[in-house]
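Peer 1: What follows is the residue order along each chain.
2 protein chains.
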Amino acid sequence: MTTKSALSSKLALYLVTDNRFVPEGKSLKDVVESAIRGGVTAVQYREKEASTRKMIEEAGELRNLCRSCEVLFLVNDRVDVALAVEADGVHLGQDDMPLHLARKILGSGAIIGITVHNDLERRAAEQNGADYVSFAPVFATSTKPDHQTPLGISGLEQLVRAATVPSVAIGGINLDNVEEVYKTGVDGVCVVSAIMGATDPELAAQAFLERYNRARAHH
Amino acid sequence: MTTKSALSSKLALYLVTDNRFVPEGKSLKDVVESAIRGGVTAVQYREKEASTRKMIEEAGELRNLCRSCEVLFLVNDRVDVALAVEADGVHLGQDDMPLHLARKILGSGAIIGITVHNDLERRAAEQNGADYVSFAPVFATSTKPDHQTPLGISGLEQLVRAATVPSVAIGGINLDNVEEVYKTGVDGVCVVSAIMGATDPELAAQAFLERYNRARAHH
Ligand code: NI
Chain U
1 MTTKSALSSK LALYLVTDNR FVPEGKSLKD VVESAIRGGV TAVQYREKEA
51 STRKMIEEAG ELRNLCRSCE VLFLVNDRVD VALAVEADGV HLGQDDMPLH
101 LARKILGSGA IIGITVHNDL ERRAAEQNGA DYVSFAPVFA TSTKPDHQTP
151 LGISGLEQLV RAATVPSVAI GGINLDNVEE VYKTGVDGVC VVSAIMGATD
201 PELAAQAFLE RYNRARAHH
Chain G
1 MTTKSALSSK LALYLVTDNR FVPEGKSLKD VVESAIRGGV TAVQYREKEA
51 STRKMIEEAG ELRNLCRSCE VLFLVNDRVD VALAVEADGV HLGQDDMPLH
101 LARKILGSGA IIGITVHNDL ERRAAEQNGA DYVSFAPVFA TSTKPDHQTP
151 LGISGLEQLV RAATVPSVAI GGINLDNVEE VYKTGVDGVC VVSAIMGATD
201 PELAAQAFLE RYNRARAHH
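Going down the list, the sequences are from chains U and G.
According to UniProt numbering, the first sequence is numbered sequentially starting from 1.
According to UniProt numbering, the second sequence is numbered sequentially starting from 1.
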């Protein structure tokens, strides 16, 4: 179990999985393993289609991988899957289990993050005991086309400044724009396609981490 | 929490919900309420499409309804939803969470049922601590067209005779065939469309219960 004090640094480069980006002939585990070699600090298992049995199998594999590499491992939405594989916690959306119920079920030791789209949702998340918040979406994205209006860099900056818990940013983040995202002071970035869909996920993760270090060195 | 000793009688007429059968202008709760007035003894909330938030809302309503009527209330597949609404337990399929993990998470007091298609699956379920088994499918059904070969009455009879825990039967059961199903000695029947899709779910449930009593009186 990752201690909460170390959470902000554990969120620096946060991979969100999506089986649709796994190339033929490779498994989700292969891609995540490669991304971890490249320096990913946290992994969120996100799966909406598979059976619960299949989710537990896949998440269990990633869980073991992350444990041995000291990478934070969270499950998107599914508190049952998180419990079954003994994940470090869950990441909730606004349509997922209410935060207070997830906390009641998972206990105080679990890490619970939540996606927020504005300052109202940020405050509610913090009041309900979120360990971190995920600001979404920074940019327009094809992964979640039904999303709300992008925050943009200045919108993100305002939310980051107001946050009283560690924060990450998600939505359309790639190698070209990640440095300005890090410069908002956000603790980490969530990446889906720019690593999952990269020809070499290890190199992609390394490149993100270089930009993280550059942005941090600059301040 | 329903005591396990009373389980077999609580399974007599077991409604499995399906939002696709809810008529326009009515809610799932309306239909279930009507079915309970007609004598349904157990309700299983089954929902595969909605968000977790929506599932918890709907299941929470049914949970309260069932509690006040002393009707058993289980959640299909989703251990997280069952925990969130404090259901009596879960009903698992072969593609859902493995039974031993569900037991570990829900504890010994929870009622855990599992769908089985043959004697091998029945024995595994009993060895893993299932509180009841659900034999499926008795007849061919349009609700689950991807199902296995129907057991038929004689196949069901063999499984019921071998079972060491309470059992129910599911799949294509309607008012015309339910009496012969009950006569196999099975503790209960699961009904989806024949009650959910009835013009008057209360009357439909009453008619099922009459056949239950007739079959029991007969032996
Ligand atoms: Ni600067």
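By construction, these hints were calculated from the structure, which means they are not laboratory data.
From a predicted model like this one, the values you see are computed outputs, not experimental measurements.
Backbone N, C-alpha and C fix where the C-beta goes; we use that ideal spot for every residue, glycine too.
A hint or two may mislead.
Label-pair ranges, simulated between beta-carbon atoms [said to hold, decoys possible]:
| # | chain 1 | residue 1 | chain 2 | residue 2 | range |
| --- | --- | --- | --- | --- | --- |
| 1 | U | R67 | G | R214 | 54 to 62 Å |
| 2 | U | A124 | G | H100 | 31 to 39 Å |
| 3 | G | C69 | U | E180 | 32 to 40 Å |
For lysine-lysine, the following PhoX-like pairs were computed, each having C-alpha atoms within a straight-line distance of at most 20 Å [as the list claims (entries may be wrong)]:
| # | chain 1 | residue 1 | chain 2 | residue 2 |
| --- | --- | --- | --- | --- |
| 4 | U | K48 | U | K29 |
| 5 | U | K104 | G | K54 |
| 6 | G | K48 | U | K48 |
| 7 | G | K29 | U | K54 |
| 8 | U | K26 | U | K54 |
| 9 | G | K48 | U | K104 |
| 10 | G | K104 | U | K54 |
| 11 | U | K29 | U | K54 |
| 12 | U | K48 | G | K54 |
| 13 | G | K29 | G | K54 |
Peer 1: Out of the numbered hints, which ones does the structure contradict?
Peer 2: 3, 7 and 9
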